[in-house]
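Peer 1: Chains as they are written, first to last, in the numbering used here: chain P, 10 to 781; chain L, 11 to 139.
For the record, the hints were derived by calculation from the structure and aren't laboratory data. A few of these clues could be false.
Derived list of chain L stretches under chain P, where covered just means 3 residues or more per stretch with a C-beta under 8 Å from a C-beta of chain P [stated by the list, open to error]:
| no. | region |
| --- | --- |
| 1 | 11-25 |
| 2 | 35-41 |
| 3 | 52-63 |
| 4 | 91-104 |
PhoX-like, lysine-lysine: derived pairs with alpha carbons at most 20 Å apart [what the hints assert, rightly or not]:
| no. | chain 1 | residue 1 | chain 2 | residue 2 |
| --- | --- | --- | --- | --- |
| 5 | L | 113 | P | 775 |
| 6 | L | 113 | P | 677 |
| 7 | L | 113 | P | 776 |
| 8 | L | 113 | P | 108 |
| 9 | P | 558 | P | 546 |
Note that the coordinates shown come from a computational prediction; the quantities given were computed from them, not determined experimentally. Idealized CB from N, CA, C, for every residue including glycine.
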Amino acid sequence: MLTAILVAFIIAFLAPLIVRVAKDYSGWVLSILPAGLFTYFMINYGEVGRGETIRETTVWLSGMDVELAFLLDGLSLTFALLITGIGTLVTIYAGGYMKGHRYLDRFLLILMLFMASMLGVVLSDNLIGLFIFWELTSVTSYLLIGFNNEKEESRSSALQALLITGLGGLALLGGLVIMGLAAGTMNISEILNSGDIIRDHPYYMGILILVLMGAFTKSAQFPVHFWLPGAMAAPTPVSAYLHSATMVKAGVYLLARLNPAMGSTEAWFYLVTGFGAVTMLTGAWLALVYTDLKRVLAYSTVMALGTITMLIGIGTDYALKTAAVFIVAHSLYKGALFMVAGSIDHEAGTRDVKLLGGLRKLMPVTAATAAIAALSMGGIPPMLGFIGKELVYETALNAGTFSLVLISMAVLANIAVVASSAIVAITPFYGEEKKTPKHAHEAPASMWLGPMILGTMGLLLGVFPSLADRSLFSASTSAISGVETSYYLSLWHGINLPLILSIITLAGGLTVFKFWNSLRETKAMQGYGIALGDTPKSIYESLLNGTLKFARFQIDVFQSGYLHRYMSTVIGVTVFGAAITLFLRADIVWPEYHDSVSFFEVTILILMIVAAVAAVVSKSALKSITALGLIGFAIALIYIQFSAPDLAITQILVETLTVILAALVLVKLPIPDVVDSMGTKLRDGFIALSGGALVTVLMLIILQGELNLELTEYFGENSYVVAHGKNIVNVILVDFRAFDTLGEIIVLGVAAFGIISLIKLYMNDKKEEQQP
Amino acid sequence: MEILLAITVGILFSASLYLILKRSLIRVIIGILILSNAVNLVIFTMGRLTRGAPPLIEPDAYTAGAGIANALPQALILTAIVIGFGLFAFTLAIIYRYYLTTKNLRSDAMNDSETPVPHPFSFGKKEGK
Numbered sequence: 010m011l012t013a014i015l016v017a018f019i020i021a022f023l024a025p026l027i028v029r030v031a032k033d034y035s036g037w038v039l040s041i042l043p044a045g046l047f048t049y050f051m052i053n054y055g056e057v058g059r060g061e062t063i064r065e066t067t068v069w070l071s072g073m074d075v076e077l078a079f080l081l082d083g084l085s086l087t088f089a090l091l092i093t094g095i096g097t098l099v100t101i102y103a104g105g106y107m108k109g110h111r112y113l114d115r116f117l118l119i120l121m122l123f124m125a126s127m128l129g130v131v132l133s134d135n136l137i138g139l140f141i142f143w144e145l146t147s148v149t150s151y152l153l154i155g156f157n158n159e160k161e162e163s164r165s166s167a168l169q170a171l172l173i174t175g176l177g178g179l180a181l182l183g184g185l186v187i188m189g190l191a192a193g194t195m196n197i198s199e200i201l202n203s204g205d206i207i208r209d210h211p212y213y214m215g216i217l218i219l220v221l222m223g224a225f226t227k228s229a230q231f232p233v234h235f236w237l238p239g240a241m242a243a244p245t246p247v248s249a250y251l252h253s254a255t256m257v258k259a260g261v262y263l264l265a266r267l268n269p270a271m272g273s274t275e276a277w278f279y280l281v282t283g284f285g286a287v288t289m290l291t292g293a294w295l296a297l298v299y300t301d302l303k304r305v306l307a308y309s310t311v312m313a314l315g316t317i318t319m320l321i322g323i324g325t326d327y328a329l330k331t332a333a334v335f336i337v338a339h340s341l342y343k344g345a346l347f348m349v350a351g352s353i354d355h356e357a358g359t360r361d362v363k364l365l366g367g368l369r370k371l372m373p374v375t376a377a378t379a380a381i382a383a384l385s386m387g388g389i390p391p392m393l394g395f396i397g398k399e400l401v402y403e404t405a406l407n408a409g410t411f412s413l414v415l416i417s418m419a420v421l422a423n424i425a426v427v428a429s430s431a432i433v434a435i436t437p438f439y440g441e442e443k444k445t446p447k448h449a450h451e452a453p454a455s456m457w458l459g460p461m462i463l464g465t466m467g468l469l470l471g472v473f474p475s476l477a478d479r480s481l482f483s484a485s486t487s488a489i490s491g492v493e494t495s496y497y498l499s500l501w502h503g504i505n506l507p508l509i510l511s512i513i514t515l516a517g518g519l520t521v522f523k524f525w526n527s528l529r530e531t532k533a534m535q536g537y538g539i540a541l542g543d544t545p546k547s548i549y550e551s552l553l554n555g556t557l558k559f560a561r562f563q564i565d566v567f568q569s570g571y572l573h574r575y576m577s578t579v580i581g582v583t584v585f586g587a588a589i590t591l592f593l594r595a596d597i598v599w600p601e602y603h604d605s606v607s608f609f610e611v612t613i614l615i616l617m618i619v620a621a622v623a624a625v626v627s628k629s630a631l632k633s634i635t636a637l638g639l640i641g642f643a644i645a646l647i648y649i650q651f652s653a654p655d656l657a658i659t660q661i662l663v664e665t666l667t668v669i670l671a672a673l674v675l676v677k678l679p680i681p682d683v684v685d686s687m688g689t690k691l692r693d694g695f696i697a698l699s700g701g702a703l704v705t706v707l708m709l710i711i712l713q714g715e716l717n718l719e720l721t722e723y724f725g726e727n728s729y730v731v732a733h734g735k736n737i738v739n740v741i742l743v744d745f746r747a748f749d750t751l752g753e754i755i756v757l758g759v760a761a762f763g764i765i766s767l768i769k770l771y772m773n774d775k776k777e778e779q780q781p
Numbered sequence: 011m012e013i014l015l016a017i018t019v020g021i022l023f024s025a026s027l028y029l030i031l032k033r034s035l036i037r038v039i040i041g042i043l044i045l046s047n048a049v050n051l052v053i054f055t056m057g058r059l060t061r062g063a064p065p066l067i068e069p070d071a072y073t074a075g076a077g078i079a080n081a082l083p084q085a086l087i088l089t090a091i092v093i094g095f096g097l098f099a100f101t102l103a104i105i106y107r108y109y110l111t112t113k114n115l116r117s118d119a120m121n122d123s124e125t126p127v128p129h130p131f132s133f134g135k136k137e138g139k
């Protein structure tokens, strides 16, 4: 499986070259990759159907418990087949849809990269590996939504999708890491076997919320569902592939995958079922507010994602089986319908249903395809969608306490879905022929083949569910629930309550469709669209703008652009931060210390203090420099008195140079006329005195401690024996720490270059200006 | 003596911090100079003080005798003095150049040369509005 993913990544990067050679046939040629991978996974079809799982492990970062581990069981096989199968058809479709596009090479490259990443998500058997591929799908999705990057709408939709899924991704990373720590392993198979440890762990609630944030944002659950319709700014092959059939299902895949480890708790049931059911109902009716075909389909995708989430939340074997069927059924019909919408847009020049009508005669194949797929979406026998919907009803009826609420929500939502499928399959193709922006004619084979195959698959699996039952649906259910299940599907269950509800749904949906044109215009419906479609989006936008405003406020506070304010902030925070810590942590006692002090020494100290006060008080630069010199030479005397002749020599030399330099430059300059108010003086004085006091206290504390003389002794013992020098200080500088001294010389050299460029070059420029 | 030195160093620190907080660049640079001297004194005092016994090895000895001054802080300070001088010279050059360009020595006039803050960006609004 590692090989399969690697091959996919390598061929993705070769895509631009392939496009250069294959030109208009690029879609067909490149589809060999997903088709090959599809075949590769089909080889394991029988084995997985017998209940076996296949694992492959390659150590990646051995120290960090990160391995490239891959797992093929019913759930990952189902997804892998959807990804590669629909991937094949979408690649062919994209070749036709984007024919002659300047950046077809770039488009196919990112599309293939996405496919490889998505395969990584569903095959990974390691939490970190899963997360990396997860983020790769977010990034490729961002690039694909923003593919028409010259359009402002594309860019902002892409950013919106990236920010929301990225935020969820961040939460997910936190959740996965805590989960890994709680279980003691990053290996998913092992974690799934230690579900009790995780469920009883004190951090279970935290893990749950973080993981759910990741899954819900990715699968566009309420209230962040709005990014999915926004993502429709992407070219239609992307909508069909990423934003209905595969990537948005990564969230529900994750929930399903982790169900054995985290599921079947009360919190799980309420959160997952609740968000899922609300998303289902909200999305279903939002689809009826808009006339843009892709938007209708996008909201009905939100509905489907909500349904799957709800089913996983309910969590009975029956519900999980339903989820497995629903995932496949939805991918098949929704992928097909998106491609149909793309074909209409491509051939007729618009995808607004108000402007479309009577296309049936001009695009007969597309019309037929749309009909087959819409029958499945509407849940009409004998399609797979029908089985899916019956199962949803059956599950909701058996959901215990909440069954009445859930079944009402499900029926209401499905009425809207029937209406949306009629909108997509009937409105553009039947009725009077309308004049469209482009003169419509049938789409090329590359563009009807894909939806046709997907639609037919929906029919085939509906009539013969046993084809996929064992290897995909039952095996998935076993993987999701963590125990072996043996419940088998059939198309006909006799006349029972779900069937009666289906008939009600169908009748209701068709009624809604009949009055859709006037219903859509009603205040209630428009208000609903604004309240649940637009408002969450504007809340998101105002949150983002609020973040920007806060950032600006912060900048205004901390980055005032005034040096003295920066200095007050830095010094103030350092001094008081250290003071508070010191006050809280250390016991401050006046040191008991007996030492004689000579008159000479005290004189030096007094000299220094007087000079320091003079430096502060004096108004003239010359006096300040004199005071400065006094301090410097007094320090030299201290060095002499306390056995540091080398320091004294250096100090005298450097201090002399400093004073000369300062006097030369500063005395020529005017004193700036800054007058500080008394308040400023007091504030600065308070900060300065606190800083000084802090240093004194710190020194006194250090003086009480033991002095570590290990290094001093080492240098004393070795400076003559090893380095042949008797002045220990000199030996340290030029021998033991010679590289430090070299660094010091370099610093001085750099400073010299800096000064030359600052002053000399400026003077040269001035001269040139004067003599043009 | 260490205690008295600690107090003196505290006063030097106070003086230098006060000067650094001022808006006149001349006072700021004098503050920086006092600070670098004061820091050296901190290191020196922390290595403990010894009178009349420089860190030298006796002519006829191979290793250092007991009771001589601590050589390590002295080596560190020697480097620090020279680096401090480099820092001072460079700062002085910057201030001088600043004066040549603006005829001004106030630090609060410096941000006249800052680029203006760009127009605030906001999400959810169409460009050009």
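Peer 1: The structure should be examined with respect to each hint, and the outcome stated for every one.
Peer 2: For each hint, the structure was consulted:
1. Under the rule that three or more residues need a Cβ within less than 8 Å of chain P, the assignment of the region 11-25 of chain L holds, with 15 such residues.
2. Proximity of the region 35-41 of chain L to chain P, defined as three or more residues with a beta carbon under 8 Å from a beta carbon of that chain, is established by the 6 residues found.
3. Given a C-beta distance limit of less than 8 Å, the hint that chain P covers the region 52-63 of chain L holds, as 11 residues qualify and 3 suffice.
4. Remark: the region 91-104 of chain L is confirmed as covered by chain P, as 13 of its residues place a Cβ nearer than 8 Å to a Cβ of that chain, reaching the required three.
5. Between the alpha carbons of residue 113(L) and residue 775(P) the distance comes to roughly 15 Å, so the proposed pair stays at or under 20 Å and holds.
6. At most 20 Å may separate the alpha-carbon atoms for a hinted pair to count; residue 113(L) and residue 677(P) meet this at roughly 12 Å.
7. Only pairs whose Cα atoms come within 20 Å are accepted, and residue 113(L) paired with residue 776(P) is accepted, the gap being roughly 18 Å.
8. A C-alpha spacing of about 65 Å is found between residue 113(L) and residue 108(P), which places the hinted pair above 20 Å, so the restraint is violated.
9. Only pairs whose Cα atoms come within 20 Å are accepted, and residue 558(P) paired with residue 546(P) is accepted, the gap being roughly 18 Å.
In this structure, only the earlier hint numbered 8 is contradicted, and the remaining ones agree with it.
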